[in-house]
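Here are the chains, one letter per residue:
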Amino acid sequence: MSEPLQKMEAASKLLELKHIDLSFGGVKAISNISFDVLEGEVRAIIGPNGAGKSSLLNVINGFYHPQQGEIWFDGKQRHSMKPYQIAYQGISRTFQNIALFKGMSVLDNIMTGRFTHMHKNMLWQALWKGPAEQEEIENREFVEHIIDFLEIQAIRKTPVGRLPYGLQKRVELGRALAAQPKMLLLDEPMAGMNVEEKEDMCRFILDVNDTFGTTIVLIEHDMGVVMDIADRVVVLDYGRKIGDGTPDVVRNDQTVIDAYLGVSH
Amino acid sequence: MSADFLYTIEVILNGLMAGVMYSLVALGFVLIFKASGIFNYAQGVMALFAALTLVGIQTGQVPFSHLINAIFGTNVHHFGWQVPTLLAIALTIGVMVVFAIIVERYILHHLVNQEPIILFMATIGLAYFMEGFGDIMWGSDIKTLDVGLPSGGSLWLEEYTLGWAAEGEQYYGMYLDKLDMVASLVAIVLVVSLTIFSQYTTTGRALRAVADDHQAALSVGISLRTIWVIVWSIAGFVALVAGIMWGAKSGVQFSLSLIALKALPVLMLGGFTSIPGAIIGGLIIGVGEKLFEYAIGPMIGGATENWFAYVLALMFLVFRPQGLFGEKIIERV
Amino acid sequence: MTQSSKKPTYPAPGLDTFPKLLQHNARMFTDKDAMREKEFGIWQSWTWSQVADEVERFALGLQANGVKAGDAVLIIGGNRPRTYWTMCAVQSLGAVPVPTYHDSVASEMQFVIEHSEARVIVAEDQEQVDKILDVKDQCPAVELVIYDDPRGMKGYDPELVKIQDFVTIQAQGEDVRKKNPKQFQELVSMGKGEDISIILYTSGTTGKPKGVVLTYDNTLLTGYYGGLLEGLTENEEILAYLPVAWIGDHIFSYAQSYAMGFCVNCAESSETIAADMREIGPTYYFAPPRVFESLLTNVQIRMEDAAPFKRKMFKYFMQVAKTTGIKLLEKKSVSLFDRFKYALGNVLVYAPLKDALGMGRVRLAYTAGEAIGGEIFDFYRSLGINIKQLYGQTESSVFITVQPDGEVFPDTVGTPSPGVELKIADNGEVIYRSPGAFHSYFKNPESTASTKTSEGWVHTGDAGFMTQSGHLRIIDRAKDVGAFNSGKMFAPKYIENKLKFFPHIQEAVTFGDGRDECMAFINIDLGAVGNWAERNNIAYASYQELAAHPEVNKMVGESVSQVNESLLGDEMLAHSQVSRFLILHKELDADDGELTRTKKVKRKLINERYKVLIDALYAGKTQCFIETEVAFEDGRVGKISGDISIHDAKTYNPVAQAS
Amino acid sequence: MFYRESGDFKKTYQKDSQTFPIKFDRWRYYFVMLVAFVVVPMFLTDYIANAVMIPFLVWAIAALGLNILVGYTGQLSLGTGGFMAVGAYATYKLMTAFPGMDMVSVILLSGLITAVVGALFGLPSLRIKGFYLAVATLAAQFFLVWLLNKVPWFYNYSASGQISAPQREMFGVIITGPHATPVAGYLFCLGFAVGLAWIARNLTRGRLGRSWMAIRDMDIAAEIIGVNPLTAKLSAFAVSSFFVGISGSLFFSVYLGAAEVTEAFGISVSFSVLFMIIIGGLGSIFGSFIGAAFMVLMPVLLKNVLVGAMGWPTDLAAHFEYIIVGGLILIFLIIEPHGLAQMARVLKEKLRLWPFPH
Amino acid sequence: MKFTKLATVALTTLAVSAPVVADLVFPSLSYRTGPYAAGGAPYADGYADYFTLLNERDGGIGGVLTAVPECETGYNTAKGVECYEATKGDGALAYQPLSTGITYQLIPKTMADDIPLMTQGYGRTSGANGKVFSHVFNFPANYWSGASRIINRIMEENGGTISDRNIALVYHNSGYGKEPIPTLKALATKHGFNLTLIPVDHPGQEQKSQWLQIRRERPDNIILYGWGVMNQVALKEAANIRYPMDQMFGIWWSGTENDALEGMGSHGYKAATFHNVGSDYPVYKDIQKFVVDAGLTAGDGSNVGTVLYNRGMYSAMLAAAGAANAQEIHGVKDITSGMMRDGLEALNVTNEFMAAAGMPEFGPEFSVSCSNHGGPGNVGIQQWDGNSREWKLVGGFEAPDMELINALIKADSEAYAAENNITPRDC
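Chains as they are written, first to last, in the working numbering: chain A, 1 to 265; chain B, 1001 to 1333; chain C, 2001 to 2659; chain D, 3001 to 3358; chain E, 4001 to 4427.
It should be emphasised that the hints constitute simulated quantities derived from the structure, not laboratory data. One or more of the hints may lead you astray.
With a Cα cut of at most 27 Å, we get these calculated DSSO-like pairs of lysine-lysine [said to hold, decoys possible]:
#, chain 1, residue 1, chain 2, residue 2
1, D, K3011, A, K157
2, C, K2639, A, K198
3, A, K82, D, K3015
4, D, K3010, A, K157
5, D, K3023, A, K157
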């Protein structure tokens, strides 16, 4: 590999995990995992149940703190940080079990996603008229574009609790997008969806990647989907990494095949 | 032994006894919370109502006499008979069971699957209702409760310990209230029998099943409605016991309903779902507040018990947010 | 022959094209909203001057990209401001806009592209662009595709065909304008009233679509005069929600908007039309009978779920409305007590109901295209909505006849519009001559000649007659009117319409031409019947299952016999009673080619495709197996099959009745 | 039924996100304001002002404050009485220490002081959740009352620990003290109530409010989208306490004119404000008002009906009052568990859909 | 909207319920519910029954009927204000709030409305300074004179000297309970005894710590300022630790039949009082005849003759005397509240007067003046006889250390005047 090329690749690494170890009271959830995510790519994490996929996502967005290892994001090493600080760094995510704010409307949920982009202090907000309203309107406009993008205009003011599952997932994606993240973590975005909803979701994910250039890391069980939309795939099993590469490489990797056959997928 | 040390022991022992008294109230809360997730604000009023009913039956009071007299211009007070204590207690239990059935049928049944705060509010409504109802039924004057409980300090203990203090120090022997000792005994019997009930009887096991998982309980064919009636009946019985113990101290009067406040820190400390928690929480609170009042109170003006109980509970909770015996809260993403 | 004496004129001298009207409006109504679209949660608005500016920049941009007078520019888009602006921009250049149905499939589109020889296409979004690219190889003439919505357009290969963003074209136009601020004005002033303003492709019940060529004089004059007649002003609000390629939308949402200066509103998405309509509260409204019908069905279904008291109240006041409302609307004398009851009903039912339907402010509503059920028609009129029928077609720029105020009947379509001459041909066909009569069929002289005589008389293809009051009454398509073996007249549409007035019947196809008896296919209304099933605890998984349910069949049977009974009254049609019927196992669908895009039945195709069933009907069978192909929304093709039961319907003997 | 929404469309985000987007609601609101500011003062008697309207407004402010904490942020608090006491005593100290200070400043400052105290006692909320959090606030309740009772400085060393509000004027109108007219006191409280409701609305509709609701609905998700739980919770405690402090301040200075901490600000106050917001509706500004109205006016109304109109003995009436209020709470909860505000919302939705049922 | 509607209804019911104006109205802000109901009910009964007696026996006061509209406060200050506002428009002549807390709310209000506020044995002690508190009448005794009288009694019992004696004050930790502290502190300095302060929080059901402390420290005397359940528990605990009951003194609010429920357990317990005990007075015969037998009692009649009933009746008698005085001074029968105030200020209760009222030696002799609304503060001592289960008067109505108390009253009232910009009256 020529030197300039190497440099280029080094520069475009958005996230790099180095030798991450994570355990809960002696139970190892993740052991010695290293991998990177390049800027602008769709990176999938796959693996059988309990392989540590969600834990890995939780490490990335700061909900868990690994006992060992380094995390580099956007060229800087990250030291122990609270999840909300990581949100400010430009990582947002969705959850495996929908974690919407049940008491709020779709619009408010997505507006909450703009939290890191709003800065007017409490006094301005108490007054409302003036800067706070201005800021609110600016962000509303942004959010409306997301609503338009996700084609959820008709449910804009519906309380999220009343929505069907598939739409809730879409709203959650909207909330994550509203933060204009550099990197978007999706935890099983298509779990529990029917074919049509899955297709929609795939389209949205690819459109996000395409339109906003957002780097995407996703966990997904549906191999077809993963192979379709991911640029590169990491395979985990029992907290260890057993494969990494393009979908084609991974698909033909014997270790991966064994692991999957082993749990009879 | 120095007198100070002996006093400290005395304070601790009395604190334990006081703690038992708190636990008696807290127990009722825990039972209902465990089985139905309801924080029963009306528990204190239930204690008052049970005690009022007991005294009323025992002394042969005419229920609603005030109302009857106001409407019909009559002047009835008492039937003129005395009911034996045990029979009166049995009858009171019967009343509490009827009460439980009514509560289930007309209130809880309509509020199944509501949020805890809503159910909490419902019990507040219930408390209001019973406060008015109890007073109308039995009148608001102070009543003496006489079920033959002993009172006064234990002389035997006092004499026995008199000589323990070092020479020349002022010491009058260890003081323990006999009523408190009886209360502790009753509490032990109550907890043991509750445990036996829940471990070794079908109904008891059903209760535990409900506490663990409503759905599971339903799927094995246990009627939630029956369970709730039973739980509220037991809670009513516990309220009666608490009412007797506290009523013996102060007479049966409105203030009895305020003992619920003393149970709150106990509950928070012990966890809402644990019967041992209620007992041990009570003991900790009792000893803690008495010791603090003894050691620190005089320096800062006294009457610290009320707030110190909460501060104590708070200190425990900061380290164990789910209470001492509460189930661990697991945060999942 | 019937004729209206008035001759239409332009709104003002010289205002003979839409671009000129636009400039006029920009001066007259500078800051009045000309166009609104709900987007990003609010009603984005453009005043007339802003619209003029948008149109100017886009027109100059198009010109910069080589569009010149006489060119056809294909427009594929929904009801969006830019779609309408594109039309005007194209017209400004003297070129001809060719709007197409944006839900048409690629192959249909290919025909239009080829036939119109369009070099430039303005498409709404990625979906439309994809369709164009699909058929690009067959349409080499296409040079430039302009898209409106940039979403997903990143990374499209520009080598195959030039693809440009709408705003980019406008920016180019802006540059042109900077260089020569007068250029647009010059272009516009070159337009004349007799120039071709638009080509609209009619889907046609058979064969390939025909491009109806209309001039400014056709559309502008009829639109303007129609508006004048009804007293429309610049303060009207209209909701544009029907296909832009359809003449109705073109007249109501474009021609009349420009001519009268009123505001056109576009919905946010197809799912939010009802909500958006409620927000806007149009004062001028058009909907085909089908829409009014489904709205009414919806109202009835929703009221079924109401509490008994409310339901009773609703029924009572609807009864009051029926007796009083229409009289009030027609300014007939009504007793004080009835007025009071109606006023009370207005507070409790009518006004809130109208408001909920978004018709709270409607001053004028039209319906056309098909016959509307008397019940349905009366329902809206009794609420105080001034709904009127009109009769027209693409070739006539809509207006042939309109019901004048005070002469509104459910079974006629009114008297001739201004400047329209009308007569009934010997074969019963309605023919007319009018200012709106089309110029020609594009590149189709044969059809033009067969439809439009040299004296300018246009054949409508509809059979009808003039009632004594001078109103036109349409029975059926002229070519569909057939005869029984007995030689008596068979008007299938007439019977079908009667059937379709039942809320649970979505569609009906009757047969009788060259036969002894009339028999029918029925499509149930999934919404109405589904709701009924839910209330009666009838489980069903699909349309097919519901259609096969005996209770449903029984219900439909009752409806059929009711129709039969009603037919008794009409001497001409008493023998057309439906003797047997069946409920189809699938819904007739435009995607399967069974309906036109405007949801008209394609009889020929159905005759072929369902021959088995027709034979079974006439063979007196009670059961029949059928398998049909269906196209799914994503383009895949599947099969639906099943046994269909056939039922006899109760018929009435005309003689017995008479005696 | 009364809603006519056709043609009521919004062309800007300001209009779309206004508090009363529907014209009918807007007019209704203007009407209520007109009644409250113009009509009511015309008919105000001492009794209506001091026994009905002023307490209603004072409690409504407290309920508003508590609703921010409990309803919007999901942090259960039973310390309202204590915080009100802080507001009241702060007012007393400010009024007596700086006799020249105008009342608005006094009351706002009292609110600020309470906000600081409230934020302090909000700290445990970072670790303790749900019903358990009540312990922290109860500790505040009992400790604050004890402290204010125990330290004579707070009540200027008066014999009984009673504090009483001296007379103060604003613009030449007497606001506090026995010579204040009912209209002055009423309008003063109304001004605060409306102003604070407006602020509450502003705070809850914007960034801060959403961060509160996010914490309430799902704290983990909230944190992951950038909400700092510490600032969100503490700001809720502070704002809530600010409101409650003002309420306590008005309670003491305008409403009662004198107070004694153990009697006026006991635990029962904390509970009754909590009842107000649950009955009224958690997370609803209107609910705070209607809940306060229920808890304040219902007993007064019942008393007037039972004792005044029907001539029952006062004790019997008082007992029936309990029974009826308790019964009504239960009935309301069974009909609509989410409070009177939700009932109003459902009613409004029904009216908007009228004649349709859904 | 809801509240305006409610307000209208409330308003209309109020209009309906307004009593006949011609009566002499003495509102009674009673509490027959809540934690202190057991104390509030007998007092209210006595208060109401006496006026009923006047109506039935004498045809009212000076021929004008009296009315006692009762309003339930539940011992709640806010409700007290509501009651005040609700009744003051009916021509109220004097208020009897029966709660120290409510008294404090009403002091400024009554002053503004020119209605006398009668607080017999409770309320604001410094209200005795008529120069500052023109409308407060807290004769014949107050918390401070009670405290002083108790100290005097202890001195008497101990041969006149109490220096180095340990005296504990067990008090209700509220405004009421804290009232005697300054006086006792001053007295402690003066007489050289040690004062221990032992507060008990409301409601006072749990006093273990306090009584363990007392048991440890063995104070020579205990002074009890309690109310409600606190009294019962305190006396019970005192008996439990076998505290010598005759060394324990209560203020009059801790000296009722309710408090000594234990019977023999409280035998010997003493309490201050400003009126006599029992029902052996002519007035009771009248009450029995005109009120009880006529079925006109306010309560169920069971309270007649109890300490609190007597106190209520005594207060009513004083109010009636004030009203009669006012009628005399102003020469009108239908007096206003302002005249009532003048009547009270000119009150001179002599033994002859008491005898004429059918209550010979029921209370101390005293007179009221413009500057002194508290009277001489004479206080008696009663003692509980566990055998007969009744209170007995064991010490006559004697003056406390008025010199010391007056100084305290002066200081406290002047501080109030300064805080509230009141210019003391000249008299």
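Cross-check of the supplied hints:
no.	hint	in the structure
1	D/K3011 <-> A/K157	holds, 17 Å
2	C/K2639 <-> A/K198	holds, 24 Å
3	A/K82 <-> D/K3015	violated, 38 Å
4	D/K3010 <-> A/K157	holds, 14 Å
5	D/K3023 <-> A/K157	holds, 18 Å
In summary, the structure is inconsistent with hint 3 from the numbered list given earlier, while agreeing with all the others.
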